[in-house]
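Novice: Each chain is listed here by its residues.
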Amino acid sequence: MRMVNLRAPYSVRRVALVLAVILVLGFLLLPGQLQSVFQQIGSPLGWIISWPLQVVAGVHDRIAGIWGRYVALQGVEEENQQLKRELDLLKEQNGQLREASVATERLSALLEFKKQVLPTSVAAQVIGRDTGNWYKTIILNKGASDGLQSDQGVITPAGVVGRVVKTTASTAVVLLVTDPNNAIAGLIQRTRDEGIVEGTTQGQARLKYIPLLSNARPGDHVVTSGLVGGFPRGIPIGTIIRIDKEEEALFQSAELSPEVDPNRVEEVLVIQSPSIPTEGGRLGVPKPKP
Amino acid sequence: MKALIYFTVIVGLVPIQSVLLPHISVWGVKPDLGFVAVCLVGLIAGELDGLLVGIALGWAMSLFSAQDLISGVVLKGTVGFVAGLAGRQVVYLSPIVLVAGLLVVSCLAGLITPFALKLSLQQDWWWAVWTVVLPQACLDAVSGGLIYWLMWSRLNIEQLMSESRM
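Line by line, the protein sequences give chains Y and Z. With numbering that gives the first Met the number 0, letter number 37 in the first sequence gets 36, and the count goes up by one each step, no holes. With numbering that gives the first Met the number 0, letter number 20 in the second sequence gets 19, and the count goes up by one each step, no holes.
Simulated from the structure, these hints should not be mistaken for laboratory data. Treat the numbers as computed from the prediction; the structure is a model and nothing was measured. You may find that some hints are simply not true.
Claimed, not checked - Simulated crosslink set (DSSO-like; lysine-lysine; CA at most 30 Å straight-line):
no., chain 1, residue 1, chain 2, residue 2
1, Y, Lys207, Z, Lys1
2, Z, Lys117, Y, Lys207
3, Y, Lys141, Y, Lys90
4, Y, Lys207, Y, Lys90
5, Z, Lys117, Y, Lys244
6, Y, Lys207, Y, Lys244
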């Protein structure tokens, strides 16, 4: 077997090589903002690649399905899936009820509590994982043409999965809640203390910047605060498993066990309009003094 | 024909890397087949091909990763270029030498990557070395060695190299 060569003249190759090296050096000097332009230019390439990607993902899912249902565990797998679905549904209902009761108690006496409008969302399927080893991401089969954009929140009925960081025409990359580079505004449901949830290198999550006087304890549930980011208030993030208090530190932090196991996520919802109330909107516009 | 082969490699590698390889990852680390492909193209076809395929593959893979575009393009392009320069210096390349070379180059590229990506403070240099760089370099070397051994046992690599570099 022989590889056919275009056999360009040596001088042409040399000129092309110099131009290619200049191109690479040019990339190094590009400001970060211009990356989005190249992301847009690369969108058609992403669209082309998304076809074999979805074909491979489809074949993979079919083989995994056959293996799971007929070879590995006949019947048990299906029952297990059903129970997990029911558990996820109950967790979601539980989280929503708890959040609703706490919020009603606290806010109804102080403010005219505006009922949060349910956000519109798009269902998407997980078709792949990050192509590298540095980030924990999943790839969805919906992209910019379906209305997905960067910074939109991604959830399952059980809780937060992550947020969209990149899109092509037909795919989207979601940075998982367990990635150390992710940050989501969180709230301890019982104590109402707010903080920032970050992923850890151990595949868990951590709630940072909890006030020192907070009496948060293991077992407390952490939900999205709805203040910043693409999530409405009250979506479960995780459960506190350990509180870390360091001497002379200004804040304490808590290790969380995420509600969603990102390695087993198959279908997700992407929140398109979280209808996040701003601080001004929540407190009401100040009235001029008479 | 050559362009078609490169296009197929680029379009085919991304699904393999993102769908199939996570299942055979070791401690959550998978080999970077894009890196291996760029090295082999550079070694066999020369620095220009290595550089261009590296740029294209870096771009394509960054579209399906949280990694930023510039670091992906520049790192893979540079690796292809360096592989091409290295391939010009050797007359006979055995699989063992290739495995050692891939191990070293993957380690070097992996050590540069955390600085290029501006990762979180938790992901410091030592964490990167022990949890990503070294395991990935080993996997890259093994997978690259296997691919090259398959090519070596079925194709006339020396002839292929001399023809491609003309």
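Novice: Each hint: holds or not?
Specialist: Each hint tested on the structure:
no. : hint                : in the structure
1   : Y:Lys207 x Z:Lys1   : violated, 53 Å
2   : Z:Lys117 x Y:Lys207 : holds, 20 Å
3   : Y:Lys141 x Y:Lys90  : holds, 26 Å
4   : Y:Lys207 x Y:Lys90  : holds, 24 Å
5   : Z:Lys117 x Y:Lys244 : holds, 28 Å
6   : Y:Lys207 x Y:Lys244 : holds, 11 Å
When held up to the earlier numbered hints, the structure conflicts with hint 1 and nothing else.
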